[in-house]
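Undergrad: As a plain string of letters, each chain reads:
2 protein chains.
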Amino acid sequence: METAFLGPRGTFSEEAALRYADGRGDLVAFASIPALTSAVETGLAEAAVLPIENSIEGAVSSTLDLLIHETPLRIVGEVVVPVRHMLVTAAGTSLGDITVVSSHPQALGQCRRFLERCLPKAEQVAALSTAGAVEAVANGGDPARAAIGPARAAELYGGQIIARDIQDIRGNLTRFVALAREDAPATGDDKTSLGLTLKANVPGALFKVLLPFAEEGIQLTKLENRPTKGWIGDYVFLIDLEGHQVDAPVRRAVDRIREQAAMFKIFGSYPRFPVETLRDLYASPALLP
Amino acid sequence: METAFLGPRGTFSEEAALRYADGRGDLVAFASIPALTSAVETGLAEAAVLPIENSIEGAVSSTLDLLIHETPLRIVGEVVVPVRHMLVTAAGTSLGDITVVSSHPQALGQCRRFLERCLPKAEQVAALSTAGAVEAVANGGDPARAAIGPARAAELYGGQIIARDIQDIRGNLTRFVALAREDAPATGDDKTSLGLTLKANVPGALFKVLLPFAEEGIQLTKLENRPTKGWIGDYVFLIDLEGHQVDAPVRRAVDRIREQAAMFKIFGSYPRFPVETLRDLYASPALLP
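Residue numbers (this note's numbering), protein chains in the order written: chain A, 1 to 289; chain B, 1 to 289.
I should point out that these hints are in silico values taken from the structure, not numbers from a laboratory.
Where hints are given, some of them may not hold.
A pair counts as met if it fits within one copy or between any two copies, since identical chains are not told apart.
Capping the alpha-carbon separation at 25 Å, the derived lysine to any residue pairs in SDA-like fashion look like this [what the hints assert, rightly or not]: (1) 191 <-> 266; (2) 191 <-> 1; (3) 229 <-> 144; (4) 229 <-> 166; (5) 199 <-> 27; (6) 265 <-> 277.
In this text, all values refer to a predicted model and were calculated from it rather than measured experimentally.
Please take these sequences and the hints and turn them into a complete structure.
TA: Here it is in structure tokens:
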């Protein structure tokens, strides 16, 4: 089994793929999200791992839009990875040498407090990926430059970590989903993700769509929206719920809701990321590999 | 009256401020979102204009988080601005000279198809703002560089527009909100925005919170979420509805819902952006100033 992830190597996406694959088969990096889904759709890879939600930043809209508009692939798994940023330089650089810090704008934002306190005069420069910024700094040999990125990128590209865990918030986690061609079987502790649009934008329309879930005693774990990309203010509603699509209560609720929806698509049912593992991640972020 | 916006000048934020102020008083640019809200909180400015939603990209999470966690300011108005990207160079550059295109990563993404077709070999470089990218190109005098940004930035900084409306999707609009210290009075055609967290994450909890709105016949125009920034999977729900918070049905529904919520905050009631103006925007994007 090959698991595909968004390269370059050394990103949190690679870490998610490592955790998802869990030793089964090889990992393979692709350069874009469309390449990832094509790889799985054509059989080049068994599964592709994509970020879907961050505990601080919220939804990863490009992945949601992919599920809504573009791919027939199914969500077959989820994995949560802690986001830990390191300050990385070329070998021999020390803090006083640094005049430029580069990273993806989101990583710069996530380390704002550290940068204000420890590098208040450094110029911040945007890069297209954290791992790319680390690679450029590690290979560039410019002692005035530092990058922000994952420990794994520093290790892969030979960068020197001069400060660890510089992110403002330690409880910063990203949830990834694994996409594959076939549905995952029920395990007894599953989640189902789906999307729908309402037939009419009238008072109570959304409320009525949620009624069957409430009546079947189904717990919704997420409710959010994405623009339809047509008229501003028209939305696709995205729902995560507890249970597998083959479970009788879920099947009954879905059958009733499908009738009320203009668009309706089940993205997949998949084993829930273990709550105990999640508790461990929150309990000791600094002890993680 | 002074209206504050996120600089530099020449961004869509400035255009939104121009439309919101509508000739009343001056515009003033600030360098960060916290500076904008401080300006209004301290009386330096009457109102500040912030992007809250784009018809393609979805919610602007930083603005939502500001309303949830940080500012006591009230939403007092909304304005919708079309997003139109231009390819800008220094004077005298033509398409064949361009080897580098810089802009904010979001703008690069919004012009992906144009770039693939017309500049397939150009390197894409991230910048911190579209207007900043245009200014650098216009002043840099490097004929190998182009920037993607608003027409207004090209005009302000003396750049040459060599291609117009290069965005993939023409119906690309951004909604901005205006924040001020005091609530806006009811006009008869208003919206109200609010946020809440549920007391218990049990089946039907969200459904029960929405019940009073359905029973009062109140139309919800938006329902989305943001992470609480605590445990991954805990959310603040954000609701927009038709009506002003002083209207009797809204007041009755809000009183009932407040009891069921752990956190509850009304962000403001404000006149709805006119539907006819919105129709005009969709009907003729290329005719806009």
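Undergrad: For each hint, tell me whether it holds in the structure or not.
TA: Status of each hint after checking the structure:
no.	hint	result
1	191 <-> 266	within (11 Å within a copy, 32 Å between copies)
2	191 <-> 1	within (23 Å within a copy, 52 Å between copies)
3	229 <-> 144	neither (43 Å within a copy, 34 Å between copies)
4	229 <-> 166	between (37 Å within a copy, 17 Å between copies)
5	199 <-> 27	neither (42 Å within a copy, 42 Å between copies)
6	265 <-> 277	neither (30 Å within a copy, 33 Å between copies)
Of the numbered hints stated above, those contradicted by the structure are hints 3, 5 and 6, listed in ascending order.
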